[in-house]
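J.: For the record, the sequence lines run as chains A and B.
For the first sequence, our numbering gives the first residue as 2, with consecutive numbering after it.
For the second sequence, our numbering gives the first residue as 14, with consecutive numbering after it.
Since the hints were made in silico from the structure, they are not lab data.
From a predicted model like this one, the values you see are computed outputs, not experimental measurements.
The beta-carbon is built from N, C-alpha and C at its ideal position, and this holds for glycine as well.
Quick look at which bits of chain A chain B covers, simulated, 3 or more residues with Cβ under 8 angstroms:
| # | segment |
| --- | --- |
| 1 | 28 to 41 |
| 2 | 78 to 84 |
| 3 | 166 to 174 |
On the chain A side, residues computed to face chain B include the following (Cβ under 10 angstroms):
| # | residue |
| --- | --- |
| 4 | E25 |
| 5 | A159 |
| 6 | W186 |
Derived contacts from chain B toward chain A, CB cut-off under 7 angstroms, selection only:
| # | residue |
| --- | --- |
| 7 | R29 |
| 8 | V33 |
| 9 | L45 |
| 10 | F48 |
| 11 | L49 |
| 12 | I51 |
| 13 | G52 |
| 14 | G55 |
Residue-level listing of the chains:
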Amino acid sequence: VSVATKITATPERAPNRIRSFARENSLSLFFGVLFLAAVFGQSLAGHRSYNADLLQHGGEAVSYTSYLVSSAFAQAVMENWQSEFLQFALLIVATVWLVQRGSPESKKVGKAGLETKRDQAIGYAARPDSPAWAKAGGVRTWLFSNSLLIAMVGIFVASWFVQSLTGLNRYNEETVEHGGSTVSWPGYVTNAAFWEDTLQNWQSEFLAVGTMAVFAIYLRQRGSSESKPVGTPHGETETSG
Amino acid sequence: VTTGFSRVPSGELLGRMRTVFVAYWVVILAGLIGFLVIGLIGLR
Chain A
2 VSVATKITAT
12 PERAPNRIRS
22 FARENSLSLF
32 FGVLFLAAVF
42 GQSLAGHRSY
52 NADLLQHGGE
62 AVSYTSYLVS
72 SAFAQAVMEN
82 WQSEFLQFAL
92 LIVATVWLVQ
102 RGSPESKKVG
112 KAGLETKRDQ
122 AIGYAARPDS
132 PAWAKAGGVR
142 TWLFSNSLLI
152 AMVGIFVASW
162 FVQSLTGLNR
172 YNEETVEHGG
182 STVSWPGYVT
192 NAAFWEDTLQ
202 NWQSEFLAVG
212 TMAVFAIYLR
222 QRGSSESKPV
232 GTPHGETETS
242 G
Chain B
14 VTTGFSRVPS
24 GELLGRMRTV
34 FVAYWVVILA
44 GLIGFLVIGL
54 IGLR
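Chain A extracted, bound-state conformation (with noise of 0.2 angstroms):
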């Protein structure tokens, strides 16, 4: 019996294992309160300035709740999420054929394109400990090994398609409130303030993609998994610290 087996053994106390989850997840923990500290702070400022709208034109300010399951909160959510998805999906299936020489975001120069199953212990070359449908061959283990994408892209795919739904409201009230007539749902995705709402959000996240890739090939951050080691050389890529 090995020292590892008589450890398991014992259970661990609850405290213990309290801070062991909050260690192990540290990352992810602290990104999603920080998600709903700041969602909560969107929908409080965003309630304040919906409504100082409303009495500006007239109308009578919302309650707190009607703001949160209105389509002008809705819309503000979506729109964002969809273009940090849609960064997050073109990255990884941009990093699978495109490189960068030098940037930690990236594999090297050689290496670009789906690469080998033994370079990815798939099929017959899977790990005894890797994952089944990694193992399983066919339609399970394609679906596998495009999994992260198809999850990324679905999830913009949807917030993109509620963007507009959630936009195509929020632009009829305001354009009745102006004496115009309103759009259908085709009408306004070929719209100009659709396509404003879109592309002011994707500009952005492919400008912080590209530098990310760029700035990382000369600048450090000691200790990040994001930056190469330190003292790593310029030119060389695929290794962080």
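Fit chain B to the given chain A structure using the hints.
T.: Same frame as chain A, but now just chain B:
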């Protein structure tokens, strides 16, 4: 089986990571479905 860096059994570690994975999916799907319903109701 235990992992090399922890005294916690690997099955339990996987369970903890799965909790975070599921929590993120729940938040995202709740947001997408909730706002979709708001959008559809607003169309009427």
